[in-house]
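Chemist: Protein chains in written order, with the working numbering: chain A, 1 to 133; chain B, 1 to 133.
Rather than coming from a laboratory, the hints here were simulated on the basis of the structure.
We treat Cβ as the ideally placed atom computed from N, Cα and C, and that holds for glycine.
Don't take each hint at face value.
Stated by the list, open to error - Selected chain B positions facing chain A (in silico; Cβ < 8 Å):
#1 Leu20
#2 Gly31
#3 Met35
#4 Trp64
#5 Ile81
#6 Phe107
Claimed, not checked - Looking from chain A toward chain B, a few residues come up when the C-beta cut is under 10 Å (computed):
#7 Gly71
#8 Ile73
#9 Glu75
As a plain string of letters, each chain reads:
2 protein chains.
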Amino acid sequence: MTDPRDETTAFTPKFGADGLLPAIAVDAETGEVLMLAYMNEEALKRTLATGEVHYWSRSRAELWHKGATSGNIQELAEILIDCDQDTLLLRVRQRGPACHTGRPSCFYRKLVTDNPESKELNGTVQLRFMDVE
Amino acid sequence: MTDPRDETTAFTPKFGADGLLPAIAVDAETGEVLMLAYMNEEALKRTLATGEVHYWSRSRAELWHKGATSGNIQELAEILIDCDQDTLLLRVRQRGPACHTGRPSCFYRKLVTDNPESKELNGTVQLRFMDVE
């Protein structure tokens, strides 16, 4: 189970076949998970160089300077990487809401199961909006 | 930018081309990010049915009942889903360490840049182990 990537101080990110790493953005103060997006090497370089978070937009297939149009910039506090170097954790100071819906976090609904024993997901799992203070 | 997936209470997960959804596991009490792994539909069904988190292991290409061999089970508190329904957030009660290295979280190293202006990542980015209490 152990891998040299687990203990090295060398940065050897394991980008996926699509050239992307998932990046979890959390609020640097509260630790709240804000969103998950993807970075390619260029997005990571720009993030480190500018101190403002850049992603790769999979839907638009372009570099995405988060907040460049909305103003909802993510100022980088620090980046952590996981044991096998295939996921980033971004600690950010979020200006305005993180989510494009205007909510503070993209995670505003939870799964509710009528019948957890069911073998099917369709119909037995619904979503419920969370209270947001 | 808005999509019907953003506001619906219907559960319509957007599995990737590989049939997987990334799932961020956080400690249900503290909110600390523990790890990121992937679920396919079967892993999600088993998680909901058993109350213990199951993933799809991409390296072993098999269903992975987290902690089944190590004992480091993740008891499910709740699952949130993001705006466009392509990422899960699992709130879990983690028994023992989450990381296979024995650390509480897989995110135990941070990126340190000698020269943020550099156009290269190799050599200019190193990792530093975080203090863990």
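Chemist: Just to be careful: measuring from the Cβ of A:Ile73 to every Cβ in chain B, is the smallest value less than 10 Å?
Modeler: Violated. Min distance 17 Å.
Chemist: Please verify that hint: B:Gly31, Cβ, nearest Cβ of chain A, below 8 Å or not.
Modeler: holds, 5 Å
Chemist: When the nearest CB of chain A is found for B:Trp64, is that gap smaller than 8 Å?
Modeler: Where the cut-off is 8 Å and the nearest Cβ of chain A is about 12 Å from B:Trp64, the hint is violated.
Chemist: Hint validation: A:Glu75 versus chain B, beta carbon distance must be below 10 Å. Holds or violated?
Modeler: violated, 14 Å
Chemist: Mind checking the CB of B:Phe107 against every CB in chain A and telling me if the closest is under 8 Å?
Modeler: holds, 4 Å
Chemist: Is the hint on B:Ile81 kept, meaning its closest Cβ partner in chain A is under 8 Å away?
Modeler: With a minimum Cβ separation of about 6 Å from chain A (threshold 8 Å), the hint on B:Ile81 holds.
Chemist: For the hint on B:Met35, does the least C-beta distance to chain A fall short of 8 Å?
Modeler: OK, holds: B:Met35 within 8 Å of chain A, min 7 Å.
Chemist: Does the CB of B:Leu20 sit less than 8 Å away from some CB of chain A?
Modeler: violated, 11 Å
Chemist: Is the shortest C-beta separation between A:Gly71 and chain B less than 10 Å?
Modeler: violated, 14 Å
Hints 1, 4, 7, 8, 9 from the list above are not met by this structure, while the remaining hints are.
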